[in-house]
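Undergrad: Chains as they are written, first to last, in our numbering: chain A, 1 to 306; chain B, 1 to 299.
Warning: the hint list may mix true and false statements.
[As the list claims (entries may be wrong)] Short, incomplete list of chain B residues facing chain A, as computed with Cβ under 10 Å:
(1) Tyr123
(2) Val127
(3) Ile131
(4) Arg133
(5) Ile137
(6) Val153
(7) Val213
(8) Ile228
(9) Leu237
(10) Trp248
(11) Ser253
(12) Ser266
(13) Gly270
It should be emphasised that the hints constitute simulated quantities derived from the structure, not laboratory data.
Glycine included, each C-beta is placed from N, C-alpha and C at the ideal position.
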Amino acid sequence: MARFLARRLLTTLLSLLGATLLVFVLARIQGDPRSIWVDDFTLRSDYELWGKRLGFDKPVYQQYGLFLGRIARGNLGVSLYRSVPVRDLIWERLPASAQLAIAGFLVSIVIGIPLGVLSAVYRGSYWDLAGRWSAVLGVSLPVFWVGIMGILLFGVALGWLPTSGRGNLSHLILPAFVVGWGASSGQLRLTRSAMLDVLDSEYVKLARAKGVSGFLVVWKHGFRNALIAPLTYAGLTFAGLITGAIVIEAVFAWPGIGQLALQSVQTSDYAIIQGVILVVTFFYLISSLLVDLLYAVIDPRIRLGS
Amino acid sequence: MATSSEIGQIGKSSGQGRIRRITLPFRRWPVFSIVVISLLVFGGLFAPWLAPHEHELPNLRTRHLPPSFTDSGSGFLLGTDSLGRDVLSRIIYGARVSLIVAGVTLAISGTAGTLLGLVSGYYGGWVDELIMRIVDIKLALPFILLGMVLVIVLGRSFAVLVGILAFWFWSGFARQVRGEVLALKETDYVSLAKVAGASGPRILARHILPGVVNTVVVVGTLLVGSVILAEAGLSYLGVGVPPPTPAWGSMVSAGRIYVTHAWWISVFPGIAIALTVLAVTFLGDWLRDRFDPRLRQIE
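Could you put together the complete structure from these sequences and hints?
TA: Listed below in structure tokens is the structure:
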């Protein structure tokens, strides 16, 4: 367990380092990052001032060292367009993104897990068919288009829900559903196959043979043991949703970090996107680390073995 | 499996059998996929002859005309967009973009992924460790955001788009090929080649590569849908193919703000994406079941 933990922490750290290196290299892929904002009206003195202030006048390896040092201290740099610390900009937008990710996550669980269990228990029935189509469409339909169709149907034609922006709970329903549906597909398939495996096992047959009610067999003997794979996957989906929602944020004008990143493309403010990438990667790695630990806690085979 | 004469007899004896006889080819062959993909390839190849109207030049006199089948129909089958361009013609030309982007992306990522998978699986050791760590790190990275950084630094172009997508999709090939190689390198014919004095690269190229080609083709087909969706997503966000070239994703995006009074601008390109992705997904599933049932796990 201690070795597993140490190895897991090491890979997390390495991944984080890899992300910083990639972000650093990408910004310099064309040479000096200052060249992004230089136009005919840029003064030589401004150019040199940027160099001094942001460290672009130093050798590349020194720049990377400085960059790492700043990140380690929680400093993500300064927005070049608005002269505001990137950390503040992200911090301000994070609650909106987190809200959408959590709501989408809940939707994905509510669709994916019960439908997955029903598909397995009533294999070959209409439940199974519905589950299969929900999963196929969930991954095949472009999310932004599903979002627009939702706006068209519930916002424009029926007038039940607002079409964009963030406000009260009714603003959250459509984007959360769209985000959640896509994420539920994997959840559903995994739950279904895990349930099928478990329902085929000896102890479930025994439970049935000794006359345990169908409900208890499915939910107590079956579901609890089938939970491991979907649970792991759920952790990763949640991490993925924070970035996965960028497109949805754009469709619904949801003021999260995805929108922030998108706006900074228009102003060529790469410091912001750099910051968003690092924050998002950090969240992803931390959640996947937590999932692995949780996994060890709930599955004695992993906790006690090796 | 029933022979054709048996099926014929069943068909004669009962009504249900007749329905089965009609639906049988649909079960045995991916008819829907074949039809959609043929239309797509045909449309993409012959776009200049098939497109009924101009697809790139704006014409403000024909702005926001509704599709011809609606009450206030115009001469444009699927209506016109906010610059007065025919939606149908742009969808037909857009098929080209989707096909070329998917094709080039998969060619690059398939080649790179296969090579890295071969090396990783065959040589093992630190090379394997390094490549697999890179795959892990890559999984944690938000690829849409990386695409945005590249677009800021290098600008919007076809090369940048394909570069991002290829970087994103190589690992699917690498992982699968690596797994196959791990099994293949233990076979007798590989040991024999080794004893006979064949070099590592020669064994990989002559003895192991032919064994993984099937897998590569199946993985590639299964990924086409994901590549098309990823391209559409990037185009939707304005980091895909630069305008005025019609890409389905950017067409949906352009219609977003007009959706309350000109729904057709967004709806039809989205249907094109959805049908294409469904068709290639079904084709991929069918190919996998036929040629490589072991791959079922990578759903």
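Undergrad: Next, verify each hint and record whether it holds.
TA: Do the hints match the structure? See the list:
1. Tyr123: violated (21 Å)
2. Val127: Since the shortest Cβ distance to chain A is 16 Å, the answer is violated.
3. Ile131: violated (13 Å)
4. Arg133: holds (7 Å)
5. Ile137: holds (4 Å)
6. Val153: holds (5 Å)
7. Val213: Cβ of Val213(B) sits 26 Å from chain A, so the hint is violated.
8. Ile228: holds (9 Å)
9. Leu237: Check passed: Cβ of Leu237(B) comes within 6 Å of chain A, closer than 10 Å.
10. Trp248: holds (8 Å)
11. Ser253: holds (7 Å)
12. Ser266: holds (5 Å)
13. Gly270: holds (3 Å)
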